[in-house]
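Asks: One-letter residues, chain by chain:
There are 4 protein chains.
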Amino acid sequence: MTYMEGRAEPSQETAALDLFDHTRARSMALVAPLNDEDMGLQSMEDASPPKWHLAHTTWFFEEFILKPSLPGYQPRDDRFALLFNSYYVQAGPRHTRSKRGLLSRPAVPDVMAYRSHVEDALREGVARDAFTLDRDELEALITLGCHHEMQHQELLVTDLLHAFSYNPLLPAYTDAKPATVSEVREPGWTSHDGGLVEIGHDGTGFAYDCEGPRHKVWLEPYMLCDRPVTNGEWIAFMEDGGYETQPLWLMEGWAVREKNGWDSPLYWWKQDGTWWTYSLKGPHPVDLSAPVVHVSYYEADAFARWAGCRLPTEAEWEAAAEQTPIEGNFMDHGALVPVGRRTGLWGDVWQWTSSAFSPYPGFRPPEGAIGEYNGKFMVNQMVLRGGSCATPKLQMRPSYRTFFYPHQRWQMLGLRLAGDK
Amino acid sequence: MTYMEGRAEPSQETAALDLFDHTRARSMALVAPLNDEDMGLQSMEDASPPKWHLAHTTWFFEEFILKPSLPGYQPRDDRFALLFNSYYVQAGPRHTRSKRGLLSRPAVPDVMAYRSHVEDALREGVARDAFTLDRDELEALITLGCHHEMQHQELLVTDLLHAFSYNPLLPAYTDAKPATVSEVREPGWTSHDGGLVEIGHDGTGFAYDCEGPRHKVWLEPYMLCDRPVTNGEWIAFMEDGGYETQPLWLMEGWAVREKNGWDSPLYWWKQDGTWWTYSLKGPHPVDLSAPVVHVSYYEADAFARWAGCRLPTEAEWEAAAEQTPIEGNFMDHGALVPVGRRTGLWGDVWQWTSSAFSPYPGFRPPEGAIGEYNGKFMVNQMVLRGGSCATPKLQMRPSYRTFFYPHQRWQMLGLRLAGDK
Amino acid sequence: MTYMEGRAEPSQETAALDLFDHTRARSMALVAPLNDEDMGLQSMEDASPPKWHLAHTTWFFEEFILKPSLPGYQPRDDRFALLFNSYYVQAGPRHTRSKRGLLSRPAVPDVMAYRSHVEDALREGVARDAFTLDRDELEALITLGCHHEMQHQELLVTDLLHAFSYNPLLPAYTDAKPATVSEVREPGWTSHDGGLVEIGHDGTGFAYDCEGPRHKVWLEPYMLCDRPVTNGEWIAFMEDGGYETQPLWLMEGWAVREKNGWDSPLYWWKQDGTWWTYSLKGPHPVDLSAPVVHVSYYEADAFARWAGCRLPTEAEWEAAAEQTPIEGNFMDHGALVPVGRRTGLWGDVWQWTSSAFSPYPGFRPPEGAIGEYNGKFMVNQMVLRGGSCATPKLQMRPSYRTFFYPHQRWQMLGLRLAGDK
Amino acid sequence: MTYMEGRAEPSQETAALDLFDHTRARSMALVAPLNDEDMGLQSMEDASPPKWHLAHTTWFFEEFILKPSLPGYQPRDDRFALLFNSYYVQAGPRHTRSKRGLLSRPAVPDVMAYRSHVEDALREGVARDAFTLDRDELEALITLGCHHEMQHQELLVTDLLHAFSYNPLLPAYTDAKPATVSEVREPGWTSHDGGLVEIGHDGTGFAYDCEGPRHKVWLEPYMLCDRPVTNGEWIAFMEDGGYETQPLWLMEGWAVREKNGWDSPLYWWKQDGTWWTYSLKGPHPVDLSAPVVHVSYYEADAFARWAGCRLPTEAEWEAAAEQTPIEGNFMDHGALVPVGRRTGLWGDVWQWTSSAFSPYPGFRPPEGAIGEYNGKFMVNQMVLRGGSCATPKLQMRPSYRTFFYPHQRWQMLGLRLAGDK
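Chains as they are written, first to last, in my numbering: chain A, 1 to 421; chain B, 1 to 421; chain C, 1 to 421; chain D, 1 to 421.
Accuracy of the hints is not assured; some may be wrong.
No distinction is drawn between identical chains; accordingly, a pair holds when it is met within one copy or between any pair of copies.
As the list claims (entries may be wrong) - Keeping only pairs whose Cα atoms sit at most 27 Å apart, straight-line, the calculated DSS-like set for lysine-lysine is: (1) LYS270 x LYS99; (2) LYS281 x LYS393; (3) LYS421 x LYS270; (4) LYS281 x LYS270; (5) LYS281 x LYS216; (6) LYS270 x LYS259; (7) LYS259 x LYS216; (8) LYS421 x LYS216; (9) LYS99 x LYS259; (10) LYS421 x LYS281; (11) LYS216 x LYS99; (12) LYS393 x LYS99; (13) LYS67 x LYS270.
Everything labelled a hint here was simulated from the structure, so no lab data went into it.
Using the sequences plus the hints, can you model the full thing?
Replies: Right, here's the structure in full:
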């Protein structure tokens, strides 16, 4: 992973076009280790091929900026609108999501050319000041497109890991050796008074619609563990019969567990008495001191019950995060696996909260297709917080909410314990 | 429906044993119109046969009161523990839920004898003061068993309606004629200041574990409609293309709608230009002024969006309900269909809220099998409030929470609109 | 089982009306041990409730004889045509097959009255000579209706066994004790020359359309075992790893076996080191000398391969059967379980052949709905021969073909080995 | 398609090694138009990626010839045995069939190197006379491997067509223009006396095990149409309501049709009043005079009934084919779509027969994994005869049997009518 070398790292203050350059370059760097066949892999409906991520993030700029606001813009291929729209109903019809892995055409070089075509048009349009939008609106949309692409960068590597996991050769995405197994640090706890606090984004700087409005929430006093649950702790749970003890589980979680035969996190297996895992570094023994990853909400919830604790709410997490610097193991670090060994709330693994993904009081999605970004997913999904080893750091804010279904495990999903004071 | 005739109506203050007599008698009254074959019908895994409801509610008293606390108690049949446990894992193995409709044995007379056996043992044990529990604990458990049976009374009639709906003869459970179509009243709105309020049960009198602890919640100012959405309004939504307009729907709701071909509430069909429905009164034209019923969360949410409103949160509903007398069309009224035509928050139809069913701050389920009553369902379900035409009135409290999956429609589920001030 | 007592047993020469009386009475005798709830049980789409069998066989006489050919006939209830048509497309729409178990109405007494209504009309019409058919045609149709009802008599008891098997109480349909375990007789073999033989029904007396035309078939010399495979032999197969040895199995059979977790015949389980089974006599140890029953084609085929033999073709079986008296353990015997212990080709268990159910050369189904009786099932099903302990003896002819899907097991299905000379 | 240019066409007498050269070269020619991403496409479990076909046919030579019989042979990669075994249980474990499309590694160049490795070893082993088999056995196995690869050549292009059909761009595999719509020739009929005939392979020259032994069959006199059913005739069937007329259909076929919404052959759609189809030449209007292709057995059977005819049995077809020269539109012709316009029994489309795929009298599969080639598929599949526009001509013999499930349509499957004399 050398895509950061020699580049100034962007920050929240980076101008939109610099962010654009940086983001587009990183996407290219992420696919550098892949061959053309890897670029087309799709292992399930929830996941998409690397090539599709490259094209869809390009389509986003084309559809929401170039087509409506750059007079004279000519798409490279009119048919790409159908192929690379994901779920924006108001932006027109879409190709079947589960069949993205069958799009061998347009081929990889055509998609690369599509990327260049859109990038050139956008940069040139900016240079010529040719957009029909005022500068602030334009920069806001470019910034949105970059954040959108950053989300897809995380998906790109986690989707790829999932697809690779079906290959008995278990390819390594990156040759970097995983860290050796280190000693395990006992967890500590931080104490929080709660009371009437405010959470949510206040509108300064970039944020997704669902992060606001900023609003009051009452919190009882609470405790947070100062690091995520580790693999070593997870193995203790497993060895204590956690996966076989029904009263620890939500009714629905137990049914999912039984149906799928879960007895460990995703990508784990036992080999000669040792737990192994498959990560972007290939197969290797489980690092006992690293945060556990690839666990569902059902498993996280059962673990917390077994530990005599609970998961935090997203408000508890966010109130604490506003006091905590955003430092941790993000995609920029290049490890691409959880490493752990530090305190703080951020990085390594997304942390399941006990909060369903719901609208904040006064939430109103914007008009048009852009308004479909988050709002239409507000049922049956749970919020996770904190970012992971595959999250671009620049995405992170205390108010950032991601969300997945309780049964999903293929993302970098882990947990942090909480408790009442 | 004459099961209330000549009886003193119980209230929240009714002594446990009087409540027991009342509740057990009402269950028997509810099955009076049924033949033995009706008693065994099960149309889906979510539903159970009337006979099973009668037996399971009896098993509850036997398992949680008689067996552990009445020395010398002899079960009528040891095998019933397996047959009539629903989902209490810690109370032992259970018969397959989806196969309850195949239990032609024990036959109806055997189940009736089982009911008598348990009732006699309980009453006699109370008379002899033979329980190993102290009186308060015993009364609390009897009361819990009665409230449990009341929940099953509602399920009994709604499950039966679902099973009957597969019979082309569309039998009427009750001969009572449905009300004639009346004029539709325009909705009004009530205004609420919000602020830092308290909700949840305070521990005085009976409540389920999930209703507490009482706790603070911050509410922004809000409005509530003074009646549920009516069939007439629902038809306006349908005629405006509500079922075909994807941007109105949650992503997941749209998929469910498509898969199931929904274009109207459950049990509706069009006949010679008029919408008809099937209810416990048999088939009849839709009453335009009555509250719409048998709609899923997905439909309710889409309707609210179409109407430019939203669904209330459960905290908004409860804060308002604490100010509102519990009066409305409940099971005791005998209509067994929504009637509407009155203001207030209660009765006719359960009202979908936008709140996922989650633990309140500080929630701890009790130890043992009883603790499985509610806690293990706290994922992916939505809270509904207010009780329906099939809910025994005595169950109702401002803090009462029921919960269903967003796709479920076979209960008496409707909606009330809310908005920001 | 006393329904045969004091009655003259009908034979192939019995007059149509006597056969009608006999057949209709036997159906009633078969349901005598059942309560009203048993009468409505349906455990899968392939099976139907006892009550439905009683009504459907009645509908057959009404639909194909009374309605078209008895002037002035008034149906008891016009809606029964919808409810009790099985699969005759040309006879109008049908109720959903998988929902027959939800027809608690019409109730049992109504179905009994329906039976009487149709029987009275038919007998009276014959007495009055009021049919518009000539006598031969009328008798042929009545005979067809009786044979149809005999088929449903077998289904009635086997469907019931399947439904009862989901009840943990494992009810006994008949109290008769199963035979004690007897000594096992070594199998013998009969030798057959083959050559150019004729098979198929020649048109004399009753037969289904699919049994003809009579036609020539060339057979190589072959051997047939003189009794079906026994439970003892099946256990030897199991203990030799038959269910775990993939090369013994058809590709598709292995997949079905894995998906369903088959490791023994249907209704078998091991208890304290002994194999038990559930039959119409309730639960009891497996009788080692009795023919194995409730095995799929896939299992039968694997067993034959394990035994170094093969299954016979239906032509081989029929050519031999033309030389063999029709004697064996049929429904009339009253055992209702396979008993074995005799030579001959007939009775105890249907015997899977290696022949797919296909039309004979020159086969033409009759015009109209009656032509749907057999022809439209001629794909993907395998022929079985010989009749079982649940088959009325009167149905049996050398040319009789029954057919089931290779995965089906709930009928009285077993096997007989064959080999080349 | 130029892979035949300048090469002597092999015939049934071609020496094994020449056949090997020819066959291996053709596989490479077939993938010449594909990019690396095309090479990995798998659209359903029944189909495999082009790359997998290339590797699996190579594995076949390695597994059954090089490994057991060439002392000192070193596999290029031991892990390929797992990846490229298809269904030979006795040859060891296999990768999951439905996940072949996820094998981006080994990449295309690695598979090409694997092909060369095995080819070199085989040719060199022959040159050195180093095999432990005698020459006849070796040549027989090489020949089997070539015929096996020819079968996969047909699958390669038909599987690819299926995968491409999910791409809205509808890529053309070959640029060759489809023939223009020509005039339709009325069908003629050939008459056959039947009687006691012999069919099946007599053991002279190459054939698969399931084609023998040669054996006697009695045939009634019959007629065969002198060409396959055409697209024009199929449209007449469609316009006459063939797809909506249930009595034309087998019960099971109707259910499949309804479930899948079939109203035309696979890959057809209507555009501005004209029927279009998608073939290896891309999208184009349906050629009325060409044989219909991509129809299931259910559809073929319904069509024959609608036409007042029937499908032939495989014995009828084979008896006639023994009198007919093997000439027609095969893969070697290069059209890769049905063309029609000639009489004879061969080529253009595989023809559904009414015969289930069953063992011939005296059939014994060979010992070991090779014996799994055909025998284990002998249930629930129907025989097709005649070869198609995607079949290498060299595979064809009068006794050649292919077989598919009645619902399958993605192969080049059509039909020829038959009738009784």
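Asks: Run every hint past the structure and note whether it holds.
Replies: A quick look at each hint next to the structure:
no.: 1; hint: LYS270 x LYS99; verdict: between (33 Å within a copy, 23 Å between copies)
no.: 2; hint: LYS281 x LYS393; verdict: within (21 Å within a copy, 49 Å between copies)
no.: 3; hint: LYS421 x LYS270; verdict: neither (38 Å within a copy, 54 Å between copies)
no.: 4; hint: LYS281 x LYS270; verdict: within (18 Å within a copy, 48 Å between copies)
no.: 5; hint: LYS281 x LYS216; verdict: neither (43 Å within a copy, 48 Å between copies)
no.: 6; hint: LYS270 x LYS259; verdict: both (20 Å within a copy, 25 Å between copies)
no.: 7; hint: LYS259 x LYS216; verdict: neither (41 Å within a copy, 39 Å between copies)
no.: 8; hint: LYS421 x LYS216; verdict: both (21 Å within a copy, 16 Å between copies)
no.: 9; hint: LYS99 x LYS259; verdict: both (25 Å within a copy, 18 Å between copies)
no.: 10; hint: LYS421 x LYS281; verdict: neither (40 Å within a copy, 54 Å between copies)
no.: 11; hint: LYS216 x LYS99; verdict: neither (44 Å within a copy, 48 Å between copies)
no.: 12; hint: LYS393 x LYS99; verdict: neither (31 Å within a copy, 34 Å between copies)
no.: 13; hint: LYS67 x LYS270; verdict: neither (53 Å within a copy, 31 Å between copies)
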